[in-house]
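As a plain string of letters, each chain reads:
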Amino acid sequence: MSATILDVSNLSVVFGKGSAAVPAVRGISFAVARGETLGIVGESGCGKTATGLALLGLLPSSGRVTSGVARLGNRDLLAMSPRELRGIRGRRLAMVFQDPATALNPVLSIGRQVSEAVAAHNSELDRAQAKKRALDLLEAVGVPDPAARYRDLPHVWSGGMRQRAVVAMAIANRPRLLIADEPTTALDVTIQAQVLDLLRLVQGETGAGLILISHDFGVVAEMSDRIAVMYAGEIVETGTAGKVMETPRHPYTAALLRSVPDLDLDREQLEVIGGQPPNPSLLPSGCPFRPRCFLSGGRAVCRETAPRLDGEKGSHQAACHFAAELAIR
Amino acid sequence: MSRHLLEVRDLRVHYRRQHRKVKAVDGISFTLAPGETMGLVGESGCGKSSTVRAVLRLLKPTSGTITFEGTDLTHLSPKQLRPHRRQIQAVFQDPYGSLNPRMTVDQIISQPLRIHGLEARDRVDDLLDLVGLGSEHARRFPRELSGGQRQRVGIARALALSPRLVVLDEPVSSLDVSIRAQILNLLKEIQDRLGVAYLLVSHDLSVVRHLSDHVAVMYLGRTVQAGTRGAVFGRSAHPYTRSLLSAVPTVARSRSERIVLTGEVPDPAAPPPGCHFSPRCFQSAEACFDLEPALANYSDSGRCACHFPLPAPPLGSAGPDRHQRTI
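Line by line, the protein sequences are chains X and R. All residue numbers for the first sequence refer to the working numbering, where the first residue is 1 and numbers rise by one. All residue numbers for the second sequence refer to the working numbering, where the first residue is 1001 and numbers rise by one.
Treat the hints as calculated values from the structure; they're not laboratory data. We put the CB at the ideal spot given by N, CA and C, even for glycine. One or more of the hints may lead you astray.
Said to hold, decoys possible - Reference listing, derived: stretches of chain R covered by chain X, where coverage requires no fewer than 3 residues with Cβ under 8 Å from a Cβ of chain X:
(1) 1180-1187
(2) 1198-1206
(3) 1233-1246
Full structure from sequences and hints, please.
Structure representation (structure tokens):
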């Protein structure tokens, strides 16, 4: 059995207050083991980003965690004070954001920002030592000739290079868990391939667990050991990457996989998931995917009962009353 | 009168940036027949957006000709251009930024008709119907619509004047996956029904493959490979095309088949001599660094600008084995 780094159970996040409150994440549970990559995939508004932010204690002021436990080691991230969290963030737990242009401070040199990430959790290092570490880190993430570029401002660097700097900051203190939210969405495909390779490399070297959040099933498929598919604030399917992609057991996963135009296949028409993701404050009764589902066929149980994740835990689970029918198709 | 709807010949768009000349588009040529789709694909800085902006005459090309329905648009005055603009419309990437938030859907769609002095009354309902929206949407504001619905409004507006050519600039890049498929299918249906030609720009190879009859792969302002969809996707003869194809993460393919290019797209103000792709190429030889390769046929329907065009890959493989590529 692999060592669990992060164990999240029953996490719920709500935005807004009172009658305007919108449930963004609704009681999700998952775990990440050492050296493992968990891919969280879903469309806008499914709660994948709110999940990452909640774990980091970085939800915007309108959002709050309403239930759940997230154990990193033997401590609950969700119960920590902001001060305690600051001690952990960047050290045990680090984040790679989507857009390297906004994740970096535009008026500070890249070298200074990386060395700050080092110094923040290593007060015993003096300036020169922190700089030395920062240079090593930039070298490790593949920035050519970091010493000559140490004083560059972020705008001088390309998007791919900036994302490398962001990764360098994230791994500065060899965190046990990395959370990467759409780390390559802002990048060109050939640069995306480089950054994905880099994430794999640093993960291999540090043994960190990685939560990779993306809307792109291709990216998630390529990187993940296990996958969690989110819809309307819930995990509707989770399992090993092979099982989820080859034999999806939730109709949403199946439809999502078929609606992506494929480079290796000519199709006249793409399969379409009709309608759009539901408004999280006006969820349909029963199964939230029911109105768009090709499998439900208007059956009463889909309308009346919200399905729960069912199946073999750790191997393959789906929240669908008729998962078995999908397996036969 | 040629049989082409659009013919772009040796198009060049040069900018000045801090006293340096940037050749954003450096000699691009292609033709587009009525009712067909031409897809321009490439990464940031390859010149695809400058090319379509020149076709839309949102910028004036440095040299070259853009012939639309037999008329060279490059030297027309704004007034002379006006009747032609009716025939060339555009759908933009961001359905949030490209619709005026203070106008209702009805006003947005009828605006091109009013500008050109045409009757708008019944047309808006027909257009809404064409793009799969109901007449109840006419009174709404963009903020009341989802991203997919907004993009449908953008498409309806582009079709309002019954153009013969619609420029699609990253039409689905900002949409969710499930909505993307809806819009791609819609664009295909509309083309089948109306016979409109599309000039598509995208960084997404799968989108280009899905919609295009002809494809041009661009790199640093030049075409590196062009041809029919079958010719380009069937045999990625140019190493850049091949690495671009293999870099796309897909559900079906394993990562071991990937070619990861080293380095980045060079500064377009100081492109490398010879073949622009040579510093990143996995098979470049001495000639590549001195001599610029010309576009030459590698098959009946495909052309490629490479001194050493690659053979067709064996079936079921995306590219050469990773360990063989360090030549």
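Going down the list of hints, with the structure as the test:
no.: 1; hint: 1180-1187; result: holds (count 5)
no.: 2; hint: 1198-1206; result: holds (count 3)
no.: 3; hint: 1233-1246; result: holds (count 4)
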